[in-house]
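Q: Each chain, written out:
Protein chains: 8
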Amino acid sequence: MDRSQLEKLLAAVREGHVSPDDAANQLARLPYAAEAGEAVVVDPHRELRTGVPELVFGASKTPEQIAAALSALAKHNGGALATRVDADKARAVKALLPDVVIHEVPRALTLGPTPARPACAPICIVCAGTSDLPIAEEAALVSEFLGAPVTRIADVGVAGLHRLLARLDDIRKADVVIAVAGMEAALPSVLGGLVDRPMIAVPTSVGYGVSLDGLVALGGLLASCAPGITVVNIDNGVGAAVAAVKIGRLAVRP
Amino acid sequence: MDRSQLEKLLAAVREGHVSPDDAANQLARLPYAAEAGEAVVVDPHRELRTGVPELVFGASKTPEQIAAALSALAKHNGGALATRVDADKARAVKALLPDVVIHEVPRALTLGPTPARPACAPICIVCAGTSDLPIAEEAALVSEFLGAPVTRIADVGVAGLHRLLARLDDIRKADVVIAVAGMEAALPSVLGGLVDRPMIAVPTSVGYGVSLDGLVALGGLLASCAPGITVVNIDNGVGAAVAAVKIGRLAVRP
Amino acid sequence: MDRSQLEKLLAAVREGHVSPDDAANQLARLPYAAEAGEAVVVDPHRELRTGVPELVFGASKTPEQIAAALSALAKHNGGALATRVDADKARAVKALLPDVVIHEVPRALTLGPTPARPACAPICIVCAGTSDLPIAEEAALVSEFLGAPVTRIADVGVAGLHRLLARLDDIRKADVVIAVAGMEAALPSVLGGLVDRPMIAVPTSVGYGVSLDGLVALGGLLASCAPGITVVNIDNGVGAAVAAVKIGRLAVRP
Amino acid sequence: MDRSQLEKLLAAVREGHVSPDDAANQLARLPYAAEAGEAVVVDPHRELRTGVPELVFGASKTPEQIAAALSALAKHNGGALATRVDADKARAVKALLPDVVIHEVPRALTLGPTPARPACAPICIVCAGTSDLPIAEEAALVSEFLGAPVTRIADVGVAGLHRLLARLDDIRKADVVIAVAGMEAALPSVLGGLVDRPMIAVPTSVGYGVSLDGLVALGGLLASCAPGITVVNIDNGVGAAVAAVKIGRLAVRP
Amino acid sequence: MDRSQLEKLLAAVREGHVSPDDAANQLARLPYAAEAGEAVVVDPHRELRTGVPELVFGASKTPEQIAAALSALAKHNGGALATRVDADKARAVKALLPDVVIHEVPRALTLGPTPARPACAPICIVCAGTSDLPIAEEAALVSEFLGAPVTRIADVGVAGLHRLLARLDDIRKADVVIAVAGMEAALPSVLGGLVDRPMIAVPTSVGYGVSLDGLVALGGLLASCAPGITVVNIDNGVGAAVAAVKIGRLAVRP
Amino acid sequence: MDRSQLEKLLAAVREGHVSPDDAANQLARLPYAAEAGEAVVVDPHRELRTGVPELVFGASKTPEQIAAALSALAKHNGGALATRVDADKARAVKALLPDVVIHEVPRALTLGPTPARPACAPICIVCAGTSDLPIAEEAALVSEFLGAPVTRIADVGVAGLHRLLARLDDIRKADVVIAVAGMEAALPSVLGGLVDRPMIAVPTSVGYGVSLDGLVALGGLLASCAPGITVVNIDNGVGAAVAAVKIGRLAVRP
Amino acid sequence: MDRSQLEKLLAAVREGHVSPDDAANQLARLPYAAEAGEAVVVDPHRELRTGVPELVFGASKTPEQIAAALSALAKHNGGALATRVDADKARAVKALLPDVVIHEVPRALTLGPTPARPACAPICIVCAGTSDLPIAEEAALVSEFLGAPVTRIADVGVAGLHRLLARLDDIRKADVVIAVAGMEAALPSVLGGLVDRPMIAVPTSVGYGVSLDGLVALGGLLASCAPGITVVNIDNGVGAAVAAVKIGRLAVRP
Amino acid sequence: MDRSQLEKLLAAVREGHVSPDDAANQLARLPYAAEAGEAVVVDPHRELRTGVPELVFGASKTPEQIAAALSALAKHNGGALATRVDADKARAVKALLPDVVIHEVPRALTLGPTPARPACAPICIVCAGTSDLPIAEEAALVSEFLGAPVTRIADVGVAGLHRLLARLDDIRKADVVIAVAGMEAALPSVLGGLVDRPMIAVPTSVGYGVSLDGLVALGGLLASCAPGITVVNIDNGVGAAVAAVKIGRLAVRP
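Protein chains in written order, with the numbering used here: chain A, 309 to 562; chain B, 309 to 562; chain C, 309 to 562; chain D, 309 to 562; chain E, 309 to 562; chain F, 309 to 562; chain G, 309 to 562; chain H, 309 to 562.
Note that these hints are calculated values from the structure, not bench results. Please note that the accuracy of each hint is not assured.
Calculated cross-link-like contacts (lysine-lysine; reagent style DSS-like; alpha-carbon spacing at most 30 Å) [unchecked claim]:
no.	chain 1	residue 1	chain 2	residue 2
1	F	K402	D	K402
2	A	K316	B	K481
3	G	K316	H	K481
4	B	K316	G	K316
5	G	K383	G	K402
6	H	K316	E	K316
7	H	K402	H	K383
8	A	K402	G	K397
9	D	K397	D	K383
10	H	K481	B	K397
11	A	K481	B	K402
12	G	K316	E	K397
13	F	K397	C	K316
14	C	K397	E	K397
15	G	K481	H	K316
16	A	K397	C	K402
17	B	K397	H	K397
18	G	K383	G	K397
19	B	K397	D	K383
20	E	K316	F	K481
21	E	K316	C	K397
22	F	K402	H	K397
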């Protein structure tokens, strides 16, 4: 319920078409109608409020819950996406919902066409090692689902600095950069000193021993001496994509 | 040294004005001239490369080092800024460099006028509690130094939700939001579900006991269920400002 | 053994019905009789002492141990409950003890009827996300087993604030609130500023990466700026229920 | 703004005394009026909303900020309290605000009389060691400020179990127990098996080495095998008092 | 090689029966003969040196390595013991070495008779919960293998204090106490204030959430306010038994 | 109150010299008389119960509290000891209580003569580095206060293995060994393979960086591959001394 | 592209054989040609740049990715090696690439002959326990693959000091020492005081409880009082081998 | 005592010049003579054993202890060095020992001339930021004290990559590299891919918030994807220098 709807409701009160009591009930619930009482409550109006539709986080849901959420969201929004769906769970969802498309590398599912979205500036997704690919691809898939044109650049870790420098021009062509890196995650620090674009860094859980499932990569990114890098949770390709798209839309708004 | 300068150099080689040996020497050092060999090497060309000038991080520098760095940067760039300069150190720098201006709340110093910068969209800096003000003001001062128009909104923590909701319209007027919060840092999660702007969250070290000097605030922000929030290091107002300005410039580029 | 029994024993000593030596033996063991020497010693008098019967913590027990404990407690108390019993273990217990009832979502078992308990004020159990349901349901089942009327409100996380505000009236109808939340666990902070009831927060292990299996949620709840929230261990629906029932009974005692 | 005020506003709209536009403006800000724009925004209506007035957390405020907040709150509420004010800061506040009363052991300040509050059942505050006294006294002072009758029992740690058992009857006379303990914090676990009252445990930062400034005490309390104990942040006497008073009021409401 | 052997060797040198060069070779290797060069080098003389034979730590060994080590040690010492051998591995070892005896609860294996050992005072092994039994039994089995008479007392956690107090006399009959406890591990603190025996505490990994696989129990034991409690690694029943036996032998030496 | 006193009381009841009511009152407080209600409650009977008198932990007490506790304990026990009293606080206590003796290296105070204690076998206190001396001396002073003969061996860290081996005979002359070590704390592991005595290891906070104020030393000691080493809290010389004396007394009891 | 190639290119520009534009393109990419755009980009020139060829880290790669990387590297370098390939994955790679040789203990794969490498001084690899063998063998295999002569010494932990001292002469024959140790990792500290060679310590994840999967071993090694020990990540046999070979080559260069 | 001395002693035994008993005494103490019994035992023979003299670690020593240790070592070795001596302590030592030379930036002291040492290959010490200088200079001073020629390169952090690349040739001229870096410590990772020298990385405690006093830098270095980097403790310039010199001596031995 936006301002115009609010004014319309108040006008209806003034004109006596709606009683103050009924209006109070509507207003007490705020301008949104939630299907209260059900275990899985999808939030179809989230896109209106935040510019980004609800995405299904599959890791802690059963196949039945994922299928139900995808169907409900696709019905409202025209298309839906679920992430963190491993191979076994993906097959189980597809058995329930045969129209679902399985995206293997990013471990994601889509249902229905990608809905039309606002224009977005190009995003470049850079990743340091082969092992970081699932997260980089998750970021790419979500960015594209949200309407962004995406360039992917893989395996440009700093241990082979020339690989990274060789791709600098390509990176500079984008307006927003997502840098995905595990282990010591030095890539975004180096890149942060070379490009002037907003950059979002995604630490990954790639590594062993002292890597602590990505905590050291996360810490290194936050402690980076290259100012202006912002960071999301470990392996959070979705969050990076959403942030990048919000920036990318600003960059091309009329 | 940008591409055109590179081509000019190579043309000079072709025409015999520069010997291959001299050109090799220049190129071996990359297109930048560093004053190698000195302990404090300022990087005056950083702005050309990354869009943002070098800022002086005062916490681990002596007053002499801060004064020297401010002077060198102000000479090249027209104006300079140092952060993390506590009251005692600030006085010591001012004794060495009387033109310096002390900014008390954000614990910062500036020297010279704020240089002209590219246009930037408005940034709103929201902070949860009075104790978060120094960090919020650091973010504000740096944003303004980099050319951004800034709105400040203080003391809108979630324990008094109405205070936050009362200011939503003001927040929505900005194109980029910086949310500063300590303790459990719930503010950005709530805000993330209410506005569609890119949001950068700054955890602060405000709190005690289990707050662990901001680590819990940091963790909560990274674990936030509101997708699209990006995060910087604890108390890192500078980093948030630089990131916000990079986004804000994209939003108003011609 | 309460004071009246103690005085009775001492009177019996005075009157020569009990020898000082026998009385010393009884007193040395304190007023309670434990079945010493067995590996699983149930504590049937715990309810007399603490108002709450012993509940079986199934996670680190074998099916045989769970069945034995449920039987012993049900014999003494009229009914018994075991928590943290996963699907496989539940089946194994049911094979040993066919009268057991399996509660799937909260992963719990009950044996026999719910015994009559003291009156208890209504408890509202609020949970932030679908993934928090098993813990919320554990809290609900234990609360009901202890005699409390329970209202359940699911999926009202702060990223969709309207969902929560829409249910505020329902929450305010209860006398005690249990708030279950994972990830950054902002829900109880927000709720703590909106309701005046005693609130017990249960962090859950829902999340990934920096969530650290619930440690960040736990930390955020303890660091909350909304005073008066108390907290139990991660995923500890039982503890929250016991605490809520102790409060709820106070609220309706004659 | 409660429901009756909301209905009054809507009736005024119907009758034409308030234009829909003005009403929309008021409603957009929610039923509360915040003094937006100032750095220190006190929340005088918090008591109406949550049953507990705003208390001033002195640790991260300047003497000037503390004095201003105490004055503003005392003006609205009749009396005010600030915690975490060390000796030096307390003297500085008193210099600014001579009517302030300094409470040395709990490191707190009060201004004005203790306002009348709703009735509250008796609270017993138990503490394990001499070093825990400042926190226990903070809890006691806040409880009394909120209207609760308080019993204090000090130095009953479990290493001298008899001391604790000797005071059990006194503890059982209260309706709510606050147990304050540092080091290994075993006291609340033992007490939790002996009394049937709601108990709130406050870990303290007392200890050294592996105590980690109270983290081990906190962990031990949360991991306690005595169900129904709830916990607040390390050294958080205020939070325990607020929670206890909310419970104590329920216990004696008409 | 003890002092008398050393003197014998040197006498043999003096008398010319052993050349200085041969003696140098023997001495260069120190008074012990290690079968250098093999991957599994058992240390049959450890008992001479430290009073305690080598025990096989099965957790990180293959069944083949365990069987080889047990055989070698049994040959030298008359009997051998392996710990941390789970059910599957135990079966695999028994298939290789049919004389092995499987001890199910403590997850251990023995081969051959328990060798005669020095006399040892009685040890009492107390454990807080059913889930702590495997570790308590590991401590008991190792103590008995090393020649100690053992009393076992199970399920006397502090949440039911009367259970513990009822067994105090039995505990006081032993000369050394091993206290095994998980979760918040309050048992040894309480016991430490009630008995005057040397006490060794074993934290266990029993618990969940904030228990951190026994780290909180460990921390609580080390931070205990009952002085004189010493602690071993989490789940280290073996270490506690070895320490207790070393003490128990001192107590009864002639 | 021991068993004989209990029987005497009960006989007095039988004979009518004590009323059942009075006896109940005495028994309700358990056989001990605690001065309930005062902030500092010394426990003069602790020695009867645990064999070790109460020692004053000075770190978190004011000079006034230390002086009061020393005086009270010296009055009951004939002599008293306080630890963790830094130089400034020691002077302040001495000003209040001129008979106090300051022990500089171990940062301790004693008042009055060392009371007669039960016989104790010799204890050897070994320390790895000069920086560990304050803790080693604290352990030595407390051991001697409790009646043990003590040998001190300093600066025998494993980086100079010969130093340690040169003192092995001296170490073997004692019946109990306390090994004090900071940094990586390898000394007790090496010693544990060379001597057959009960050994108590004290990690110290000596070190920097990754030493984490002694946590790494503590962890290394608990993870030691030399079985039978037991451990106390970081810098806890008192606890090691109490444990060693309890063992040493067993070793020489008649 | 080394300096001579760079001068050759510039000379070609001067002579007009290469246009400035083409030269700019080559220089912009730095002197290296990366096969940009493919997911797995092997770096065959790494050996030229760093002296050590790329090794395949198998842990986070699929069998297909491992096979592809081994083939590509073997084609360029004559032979290739992959580490962290568990038994199942090894079989899957061998099915794809039958020429691969499986090395069971170090869990590694090699393809093709070991290529000729620069001369290297002898390396001695010492390990503390049987459980450390896989890592010690990984270090040995990689060292040999890189051209080093290797001596292996197993099971010389400090709990049996004589075993270690018996092998000192063998250790001293090498020019570089790799010491592999889990649990408390005291071996390198002891060894560091006995030999004058460069020593690289590898902490292993062997241990349980407080060992924290090798973090305590790592911490102990870094905190070691024996100066000059350097450390690599937990279980990082590869890193230790590469470091040792770089040192070993220096030691025998002409 | 080396092998020839051992054979000489045994020959003396054979010839009757030394009794077996005396020889046994000598051998029992191993070939070294320690001045046992004093609190500060310097180890003047350490250089013979490990190639590196004892250095005084000043942080946890009093000025008196530092002066005593420097004097003793200088007497034996011709010159001595102490590190971690802050300005105040340095003045206090100089008052006791006027010949001492204070080195301000590296916070170190030297006494007497630098003794002649074995030849050593050149070492290059690279540091990322101005704040890392004290540690870099500590490494440089110790390296020079041990006889190494040293090149210093400051302020070449990766955020200004050109600065680093501009100095690559200078770095490559050394045989061993010490890289000093705080914050995210990306410098050594980048350098590790560009040079083929043995490299030792020193994490520093420079940084704030999530840097955790250098733990994140340490973790990043250990997790580095550039194989062959070895690491020392946080701020441990001494350890890096000793390791580098051991390598450098190998590189130039005849």
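Q: Would the hint linking K397(A) and K402(C) be met if the CA-CA limit is 30 Å?
A: Measuring from Cα to Cα gives roughly 28 Å; hence the hint holds.
Q: Are K402(A) and K397(G) close enough, with their CA atoms no more than 30 Å apart?
A: Judged against 30 Å, a Cα distance of about 28 Å means the pair holds.
Q: Given the hinted pair K481(G) and K316(H), is their Cα-Cα distance within 30 Å?
A: holds, 23 Å
Q: Taking 30 Å as the top limit, are the C-alpha atoms of K402(H) and K383(H) close enough?
A: holds, 17 Å
Q: Mind checking the alpha carbons of K402(F) and K397(H) for me, to see if they're no more than 30 Å apart?
A: With Cα atoms ~28 Å apart, K402(F) and K397(H) stay inside 30 Å; holds.
Q: So if I understand the rule, the pair passes when the alpha-carbon distance is 30 Å or less; does K402(F) with K402(D) pass?
A: violated, 33 Å
Q: Check the hint pairing K383(G) with K397(G) against an upper bound of 30 Å on the C-alpha distance.
A: holds, 22 Å
Q: Are K316(E) and K481(F) close enough, with their CA atoms no more than 30 Å apart?
A: Given pair K316(E), K481(F) holds - Cα atoms ~23 Å apart, limit 30 Å.
Q: Would the hint linking K397(D) and K383(D) be met if the CA-CA limit is 30 Å?
A: holds, 22 Å
Q: Is K397(F) within 30 Å of K316(C), Cα to Cα?
A: violated, 54 Å
Q: For K316(G) and K397(E), compute the direct alpha-carbon distance and say whether it is at most 30 Å.
A: violated, 66 Å
Q: What's the verdict on K397(B) and K397(H), does the C-alpha distance respect the 30 Å limit or exceed it?
A: With Cα atoms ~23 Å apart, K397(B) and K397(H) stay inside 30 Å; holds.
Of the hints listed earlier, those the structure fails to meet are numbers 1, 10, 11, 12, 13, 19 and 21, in rising order.
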